[in-house]
Structure formats: C-alpha cells, structure tokens
Amino acid sequence: MKLNERSLAFYATCDSPADNAGFLYKRGERHTAYHRRWFVLKGNMLFYFEERESREPVGVIVLEGCNVELCDSAESFAFAIRFGGAKSRTYVLAAESQAAMESWVKSLSRASFDYMRLVVRELEKQLQEMCWGLPGGSGGSREPPGPWKPKPSGLEQCRERLPALPAIPPKENGCAVWNNVLGAERPPDASGCGGHDEEGNPRPPPLPPRRRVSNGEAASAGATMTESPSTFCRLHEQYSREVTRLRQDWQQRRRGPRP
Amino acid sequence: PRVPAVLKKRLVKLVVNFLFYFRTDEAEPIGALLLEHCRITKEEENVFSISFIEEPERKYCFECATEEQCQEWVEALKRASYEFLRRSLIFYRNEIQKMTGKDPLEQYGISEEARFQLGAPRQ
Numbered sequence: 001m002k003l004n005e006r007s008l009a010f011y012a013t014c015d016s017p018a019d020n021a022g023f024l025y026k027r028g029e030r031h032t033a034y035h036r037r038w039f040v041l042k043g044n045m046l047f048y049f050e051e052r053e054s055r056e057p058v059g060v061i062v063l064e065g066c067n068v069e070l071c072d073s074a075e076s077f078a079f080a081i082r083f084g085g086a087k088s089r090t091y092v093l094a095a096e097s098q099a100a101m102e103s104w105v106k107s108l109s110r111a112s113f114d115y116m117r118l119v120v121r122e123l124e125k126q127l128q129e130m131c132w133g134l135p136g137g138s139g140g141s142r143e144p145p146g147p148w149k150p151k152p153s154g155l156e157q158c159r160e161r162l163p164a165l166p167a168i169p170p171k172e173n174g175c176a177v178w179n180n181v182l183g184a185e186r187p188p189d190a191s192g193c194g195g196h197d198e199e200g201n202p203r204p205p206p207l208p209p210r211r212r213v214s215n216g217e218a219a220s221a222g223a224t225m226t227e228s229p230s231t232f233c234r235l236h237e238q239y240s241r242e243v244t245r246l247r248q249d250w251q252q253r254r255r256g257p258r259p
Numbered sequence: 001p002r003v004p005a006v007l008k009k010r011l012v013k014l015v016v017n018f019l020f021y022f023r024t025d026e027a028e029p030i031g032a033l034l035l036e037h038c039r040i041t042k043e044e045e046n047v048f049s050i051s052f053i054e055e056p057e058r059k060y061c062f063e064c065a066t067e068e069q070c071q072e073w074v075e076a077l078k079r080a081s082y083e084f085l086r087r088s089l090i091f092y093r094n095e096i097q098k099m100t101g102k103d104p105l106e107q108y109g110i111s112e113e114a115r116f117q118l119g120a121p122r123q
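Protein chains in written order, with UniProt numbering: chain F, 1 to 259; chain U, 1 to 123.
Next up, chain F with everything else stripped away, as it sits in the complex:
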C-alpha cells in the first residue's frame, strides 16, 4: 500500500515536539535478536531510526487500535504492542530501565488518535455545560442571564435523583450542578471517585477506561463518540452570537425606549 512516505519522514524529523523519545530494543521479526533503535513518538505514530542522528526513520508503527502490555520475556523491561487483526504483527520492545519501560508503556497506551479524541470531547462537553446550560457552573450563585435558561428536562431528572441518604453523587454532570442550584444538601464528597471540587462544581464523569484487550469495550467507547461534531470553532461561533445579541440589547437600551 502506498503511503506519502516523504510526508511521514518529514513529520518524524521536523522539530515539532515529540511525545516521547529514547533508545529501545526491538525484537526482529524473523530472528529473535533485539536491535537497539532510536524511537520517537509523535501523535499516534511511533517512528524508529537506526541511529539517533539518522536523517530518516527506518520504520513506523501506527498506534491505532493496539494494546500495550507488559511482556514475559527473557529480556528485562520488555513490553509488547499488539494489534487485533489476524495477520498483524506483535512488536516486542525492551527498555533500558524500569522507569523507561513504565514511561513508554504509559505514553504509548495513550497515543492513539481515538484516545485524544475522547479526551477532547470530554473537555468540550465540560466547557459547554459550564457556559451554556447550567447556572450552577463556575459562575457561582449568580442569577443566570436570560439566554442561559435551565433546561426543564434536566431539572426533572435531577429531582428524582436527589439522594435521600448521603451517597455517591450521581455521575452525570447535569445532575451534580443542579444539586447546587436547588440548594439541597451538597453531594458528599466521595473520595473514592477521585478528584472532587470544593466549590461544588460538577465532577466530570470518569474518563472511559483505556482500551483493553476486548474489542467490545473499545467498540462501546467508540460508539459514544459518534455524535457531537462540535469543536472550538462551534463554541467560538456560539460565543460570538451571544456577544452580538448582548451588544444589540445594550445599544437599544442606550437609544432609549421607542415611542
């Protein structure tokens, strides 16, 4: 399959920051000898060079849909990058220290485009909820201005969910925020869930677990991401509509009431 190799090589060697870099031993495909190579992780691409100073990578591993696991190998500090397909190769790599191995396993398991997209959508959602629907957000106890009307359906839902007993607060962003607004007892901080907010701001739902071996889990993580085309372009647009409207209001008020 053809690839725009020139562009790949450029991406590998240009001075955009690498997400990880270092020497690793790579087990050969046909022979089980390990070769020391210089590895550079950028985005979802793991490039490897013969030498650190080499001008062009010898190869690249695209880190989508893979699992990174520790390895039972004679070689110490070994780990593997496994892919799902029937004909797929497993890459066995070994680091030069425990710390290096842990650092690589961590950065490789979060390197996929899918993972990045998941985090971005999560943050996008948080930001939107803070600005657009929910007065209990970071603005504190201020009265929300007109346009930011609370969604009645959200309110219904949350009334049902108000815990009678101290309990783990509901996981949905919307509900946690409404609890604040209604002045009901604040959800007790459930330290078990990790990361609570003294201001009573919504705790975002936990990030979906990193991809495990079973495809099922990956598929379900994928399914939740299909909707929402929003990006910061759309947010920007929303902000500007709001600003325009406010400006118009202000100008009208300046002109005074019309006869």
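Please note that the accuracy of each hint is not assured.
To be verified - Listed next, the in silico BS3-like pairs over lysine-lysine satisfying Cα-Cα at most 30 angstroms (straight line):
| no. | chain 1 | residue 1 | chain 2 | residue 2 |
| --- | --- | --- | --- | --- |
| 1 | F | K2 | U | K9 |
| 2 | F | K125 | U | K78 |
| 3 | F | K2 | U | K42 |
| 4 | U | K13 | F | K2 |
I should point out that these hints are in silico values taken from the structure, not numbers from a laboratory.
Got chain F; can you put chain U on it based on the hints?
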C-alpha cells in the same frame, strides 16, 4: 486522483489522521495519505486539494460530486490531524482552567503528559 489532468474514480475514506483511497471495487486500499502538516485548499467548484508542507507545489486534487460534498470534505480534513486535536485539547484545557481555576486533566492523572503541554520543543 493525483494528477489534475487525469482523474481517476476512487473511494476515499478518512480514518483518524489518514486519508485512504481505494479502487471502487476493491477492499484493500491502494494507498493512504498521512494528514499532518498539510494544507487543505478549496480549488474551483467541487474541487479541493491537499498539499504538504515539505513539498507545497505538489497537490493531490480531489473532485467531488457536489459543491456541498466538497465543503464537507474540506471541513473534515482540516480537522483531521492529530496536531489539530492536540491544539483543541490545549485550548479547552486552558479555557476550563481559566473558568474554574482547576486543571481538568488533573483528575485523570494526565496533566504532566508531554502531549498535553503547550509544546516547547523537548528533544
């Protein structure tokens, strides 16, 4: 189609930051373009092109069935790079931090990850 003078019909598929292209009746792609450090340009009607920073004169041209489809592709491709996603993440992270005073990545344990930093060269 690579050469503007000769158009070949291809099935084109955007998967993460790769644009795969297939012969219309085949299951395996003929090739793929990595969409990093590239520029997506709207050309004449129904046409857009992709060019890469290290070879800006070389354009990969694509003609779509309709202008609307063309716009969709241009929008989608502009957002397709990993680097774009990374920038979005940093943007949101900053916005949320400004509004709440907290780093939203902290609770996921990923605040210190190199890929989420503002990107001073580290090598």
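Structure-based check of all given hints:
1. F:K2 to U:K9: 17 angstroms, holds
2. F:K125 to U:K78: Cα-Cα ~21 angstroms, so holds.
3. F:K2 to U:K42: Distance of about 25 angstroms is within 30 angstroms: holds.
4. U:K13 to F:K2: 15 angstroms, holds
Checked against the numbered hints above, the structure violates none of them.
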